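For chain A, the structure is supplied; the task is to place chains B, C and D on it using the hints.
Chains as they are written, first to last, in the numbering used here: chain A, 1 to 390; chain B, 1 to 390; chain C, 1 to 390; chain D, 1 to 390.
The reader is advised that the hints may include incorrect statements.
Label-pair restraints from in silico Cβ distances [claimed, not checked]: (1) D/G71 x A/G202: 30 to 40 Å; (2) A/P174 x B/D241: 50 to 60 Å; (3) B/P75 x C/A69: 31 to 41 Å; (4) A/D153 x B/Y66: 22 to 32 Å; (5) B/D241 x C/V362: 34 to 44 Å; (6) A/G202 x D/P30: 33 to 43 Å; (7) D/D88 x A/G202: 32 to 42 Å; (8) C/M29 x B/N140: 23 to 33 Å; (9) D/P30 x C/A69: 28 to 38 Å; (10) C/P72 x D/A206: 22 to 32 Å; (11) A/A6 x D/P30: 39 to 49 Å.
These stretches of chain B come out as covered by chain A in the derived footprint (C-beta under 8 Å, 3 or more residues) [said to hold, decoys possible]: (12) 131-138; (13) 175-188; (14) 218-231.
Note that these hints are calculated values from the structure, not bench results. Treat the numbers as computed from the prediction; the structure is a model and nothing was measured. C-beta atoms are modelled at their ideal positions from N, C-alpha and C, and glycine is treated no differently.
Number of protein chains: 4
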Amino acid sequence: MHLDFAAARAETERLAAPLAAEDMGAQSMPDASPTKWHLAHTSWFFETFLRLAPFDPAFATLFNSYYEAVGPRPPRHRRGLMTRPTLDRVLSYRAWVTEAVLAQSDPPAAILALGVEHERQHQELMLTDILHLFSLNPLNPAYAPPPPATHGDAPPLDWVEHPGGLVEIGHDGPGFAFDNEGPRHAVWLRPFRLADRLVTNGEFRAFVARGGYLRPEWWMSDGWDAARAGDWAAPLYWRPDGRQMTLHGEVDLDDAAPVVNLSWYEADAYARWAGARLPTEEEWEAVARTVPVEGNMGALRPLPARPGQGPRQMFGDAWEWTASAYRPWPGFRPGAGALGEYNGKFMVNQMVLRGGSFASPVGHLRASYRNFFPPAARWQFAGLRLAEDR
Amino acid sequence: MHLDFAAARAETERLAAPLAAEDMGAQSMPDASPTKWHLAHTSWFFETFLRLAPFDPAFATLFNSYYEAVGPRPPRHRRGLMTRPTLDRVLSYRAWVTEAVLAQSDPPAAILALGVEHERQHQELMLTDILHLFSLNPLNPAYAPPPPATHGDAPPLDWVEHPGGLVEIGHDGPGFAFDNEGPRHAVWLRPFRLADRLVTNGEFRAFVARGGYLRPEWWMSDGWDAARAGDWAAPLYWRPDGRQMTLHGEVDLDDAAPVVNLSWYEADAYARWAGARLPTEEEWEAVARTVPVEGNMGALRPLPARPGQGPRQMFGDAWEWTASAYRPWPGFRPGAGALGEYNGKFMVNQMVLRGGSFASPVGHLRASYRNFFPPAARWQFAGLRLAEDR
Amino acid sequence: MHLDFAAARAETERLAAPLAAEDMGAQSMPDASPTKWHLAHTSWFFETFLRLAPFDPAFATLFNSYYEAVGPRPPRHRRGLMTRPTLDRVLSYRAWVTEAVLAQSDPPAAILALGVEHERQHQELMLTDILHLFSLNPLNPAYAPPPPATHGDAPPLDWVEHPGGLVEIGHDGPGFAFDNEGPRHAVWLRPFRLADRLVTNGEFRAFVARGGYLRPEWWMSDGWDAARAGDWAAPLYWRPDGRQMTLHGEVDLDDAAPVVNLSWYEADAYARWAGARLPTEEEWEAVARTVPVEGNMGALRPLPARPGQGPRQMFGDAWEWTASAYRPWPGFRPGAGALGEYNGKFMVNQMVLRGGSFASPVGHLRASYRNFFPPAARWQFAGLRLAEDR
Amino acid sequence: MHLDFAAARAETERLAAPLAAEDMGAQSMPDASPTKWHLAHTSWFFETFLRLAPFDPAFATLFNSYYEAVGPRPPRHRRGLMTRPTLDRVLSYRAWVTEAVLAQSDPPAAILALGVEHERQHQELMLTDILHLFSLNPLNPAYAPPPPATHGDAPPLDWVEHPGGLVEIGHDGPGFAFDNEGPRHAVWLRPFRLADRLVTNGEFRAFVARGGYLRPEWWMSDGWDAARAGDWAAPLYWRPDGRQMTLHGEVDLDDAAPVVNLSWYEADAYARWAGARLPTEEEWEAVARTVPVEGNMGALRPLPARPGQGPRQMFGDAWEWTASAYRPWPGFRPGAGALGEYNGKFMVNQMVLRGGSFASPVGHLRASYRNFFPPAARWQFAGLRLAEDR
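Extracted from the complex, chain A is given alone in its bound form:
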């Protein structure tokens, strides 16, 4: 476990390395956080829940995200104004916490494991948040150098059939899982089919071209309102003239790659336009349990589906919006104390995403993993996979 811990800590710092101090300090919107805050908050998490001797008593408050039971915290929308402590001091804080944890002979394994997965979640958020920041910069800064060009088209879409019936869903087993992945339980599914790959940029471009953002009939009422209020005319980072802002800067849109940076509203509208629907999270999980957890995790960009048969891109290219609102599994009980706030108190006004993205850390994903964001959120690496009734 200490190995995972040390590796996760180092990986976070590796991800921050390409950035300037100023890049790490800025907060582009209340939903996003500065890199520096991610660096500090993930340290605060171990310091607080492993009850380390405090590095600086002030930090207990400064880097609390939302744990009411731990105490007060600065307002979320002001994280970009915390220019002190400076980056150097935050890095010292990180080093101090890392060392203190490694010095523990027998840390509580459950908390240590949770802290590692928590850190991995923030690794992905660091990338989503920095892209959002850079996307607002007229200079179109690149987080990473240009990638090798990809070739070829996406394979034609095919369907994976599922007979439905009584299916067991949710985490159950020896490995780590977040509390919201359990308890394991039975659900009754109707027969359905699931697309064998993600929806591509090229497919989504057809939706845009045929008035997808101009005609209300495909949209939820709230989604139509959001689209008009936000002047949505294409996925978040699409630019005019077939360009797209990415972690590699502004590049040509790759028609074969999965579409990302959709809100749930856009994913849902596309599916309806395509004569299909989003899968429920139970349907998705029923299929995902049958395939290995493999994919382009850490690739920094979504890649086209490989040719082949059966479900592909289930993990690691784009988070997949599902038809399911985020609510507790039957029998769910959050833990006692502050850690019970980790997931449980967000189970309303959000939609579930499954799978994982090119920015998800290796080793972090599972078939039972439940990610969740509000339906208007667009800055995550989220796309969709179609489903149908049989």
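Relative to the frame of chain A, chains B, C and D by itself:
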């Protein structure tokens, strides 16, 4: 069917009769509508979907609520500014539409039935909306004269046990149902128990007294934010000193009666504080199918539960917030054309309510009836019933 | 004095007579008030400051506009929700107050006079507010029947010369004036000239046609921001195709008539575009003192200037935005008590208007009269007159 | 002139030196700008208006503040998100621009002088903006080390008498002045008296203690609304327990020093409470012309008035809010082209401040200098001096 139609039209007018012309014109918030608008819009519904010859071509636009496929409409938040047409003209419009429908020899039965149930929905909204308006008036106007006093306490809470298993849910049968009540389908339930009556004012008062609105641990994160932003310290119409604003004006709070005018957030927090939870809509329906659709519909106020055994107050005292987000039943398809917008496009950001309230019209409710409102909505006559895992 | 009082009370009621009860109840924006509120508030003013026996104790609070020293009041933006007291009761209140004042053998003359002029101010506001309400109604209701057509063009613009020097400004004399019109004091003016008539619709149409609303160089920075935020493309009530919403409903724009319903920002931008400027209020008053107080008061619409020589339209066609911010005259002291709040506490963030409009009551205007509104306000009957340095 | 230029450039960099890169990147509110932006914008000003060869074509847009005639610019509220160009590159830009100007053999003197004074204005803004940023940081960072303690009380307030009459106001002479300081013109003043020193923290504390922020009678209506909306209970940087946030971090409040960081509303309310009023800008200038331009410029904090006679603290301790709205002097004409936007387009919705503050650069102030801010602005180093009619 024409009988139901004529009765529904007359009932709407009976409900408006106690109001002054000015009362009928005001809109107290964007979510509520003026009585005059309800009178007109329910007429517009028949005129439009039964394709009557238009009374006044301008009205086609004026009284469209949200049907994008029908065309434009005035902004919702400005309904209170439509002082023209005046009430007299709207009443003429009503009479004209009523007569035109009655003159049809063979109107499409499905549309006629939908129009009648639509009108009944607006009957309840007229009451929720007028109470909201009056609640903001320093004079505390009463819609109806004071009711006879009630006596006695609520019976002690008992539980109804359910074994779980595979259960059929959703409307199926000859009678009317909205499209969102089907298709009928199987769900797998774990064993649970349901409270045999609603939570009372007295019980909710204990939650308030013990800091229910002051401590975040019982609340969803969004709920806690909403409560602080809105300065919530008790249910919407509770006043200091044990008073409550009602359709009868300001009266003493009746501890034995069901608590109403809760948001979902408050209902959910109360249930958690009480060591229980909200039922899912499937759990609720599984029990509700076993009891007749009887209750205090049209009573203008919620009444204490009768002594007895088994589930009581399942219909007609207070809408019951459930644990379920409002999403389509498996296999749901909205109808083609504008009427497909009736329910389908609202299936996100809302929570399901079941049962019905003292303001629901007689004959309008069913075990499969799915009502829905955003979790922060407080002006509906909504309370809760507790549930537990077995 | 009692004669003026009785006439003013009757005139208010005459102005309300063409309206339906619903028209009188609605509030189209926080800056405007319902007719019913004007009817009641002007009565409250006499009741409160003449210390009449209260008609209904609740009204003391209900109809207070902004007098902090008198006590609390309902929030301004909710005046349209006060459906009770109903119109009938407000009319009874008016009658009761009128009678009580007339029954006073020797009411304090200064307060009575102030109350009469206060009532006259609200007479104009009733018309500005009802036009704003009707302008938002898709039916374009008319407050008054169509007027006789006007003929001919506006006379060519000529200039009135003034030599500048030391000039006495401000009210001084036996007649009534508001406290903000004094004290009389000397100001030193540079030589200037003033246009002999108001800017016309035709002239303003040229400004619009030549990109007046599309190019920032004519605008104050705040004005340009307001114009873009509000999508301003022409004066408030101009409609496409040369139509204009007026108290007579939607009519053809009369190019010869003065332009009205401008914000200060638009008036200021027009003047700069025209190579001129707005006059200061001191310049305006220096000229206005030389002409009789005559004009089209009560005409319900602005009329073209008559041919002739010398300053015309100084009173009674359109309020004239001046170059002056509203600040106290040197030596100004508001009165003691609540009536000191009448004008003094509004002397910031507003620009001065002079003259009077077609909606100003006969007998209400003076050369020293200082009207004032925020620079973004557009719903008053305000236009402009050009000035230049000599 | 080149000497002044080089000194001003160096001084700007000296002021930035104590800050970390992150401090220089953050924007604490839309009205404030990041230090890095100030460093770049002052360079852009010379580059643009002296028509230098561009350092980087993208910068022409990036660092335009508000000159519409120059072209587009990033939205003001997003200046803190411009993490690229990084600080290093902005410093290179500065050096490049400085060198290019020094290399010009005969730059246009008027533009060069304007650029130097423009740079000095931003030197003060860098300090006001960084203090605002640091004031929101729970760590209370200090821009500068603790100052030596001051001793003693403020001298008792005395009055400077002025007989009034015809007075010449406005800049006229060989030295530099902004366009808004002229033309020189005559004004007629009534006799008045001016306090011989600024209002102190101790005096303002009495206003707070006696309910100054709790009772509306001293306040303009807009000010009272602003105070309630913003929860104002003391000057901006006062903390509980007699502490105050300053450029030296949080320190004890010095009762003898001038009060600063007031809005105009607070200054105006204090003056009324004290039985006096604010001076007009003409009154202030009439007195200021009689004293040398001396004071504590660059002191980083306001110092108590020295004992003595006659007007003191007229320059260099705290900007003094005046009774005057910011409008053009008679005969004012802004220059042609983009530089005409420097002052002229802001002449509405602002109040004039006179004098200068402890953060004003040496050599920057004049008796005719007209500073201006909206009446709700609190983050400038602004206090007040009392005046009275004689």
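Comparing the hints with the structure gives:
no. : hint                        : result
1   : D/G71 x A/G202: 30 to 40 Å  : holds, 36 Å
2   : A/P174 x B/D241: 50 to 60 Å : holds, 58 Å
3   : B/P75 x C/A69: 31 to 41 Å   : holds, 39 Å
4   : A/D153 x B/Y66: 22 to 32 Å  : violated, 41 Å
5   : B/D241 x C/V362: 34 to 44 Å : violated, 52 Å
6   : A/G202 x D/P30: 33 to 43 Å  : holds, 40 Å
7   : D/D88 x A/G202: 32 to 42 Å  : holds, 41 Å
8   : C/M29 x B/N140: 23 to 33 Å  : holds, 27 Å
9   : D/P30 x C/A69: 28 to 38 Å   : holds, 36 Å
10  : C/P72 x D/A206: 22 to 32 Å  : holds, 28 Å
11  : A/A6 x D/P30: 39 to 49 Å    : holds, 43 Å
12  : 131-138                     : violated (count 0)
13  : 175-188                     : holds (count 4)
14  : 218-231                     : holds (count 6)
The earlier numbered hints that this structure contradicts are 4, 5, 12.
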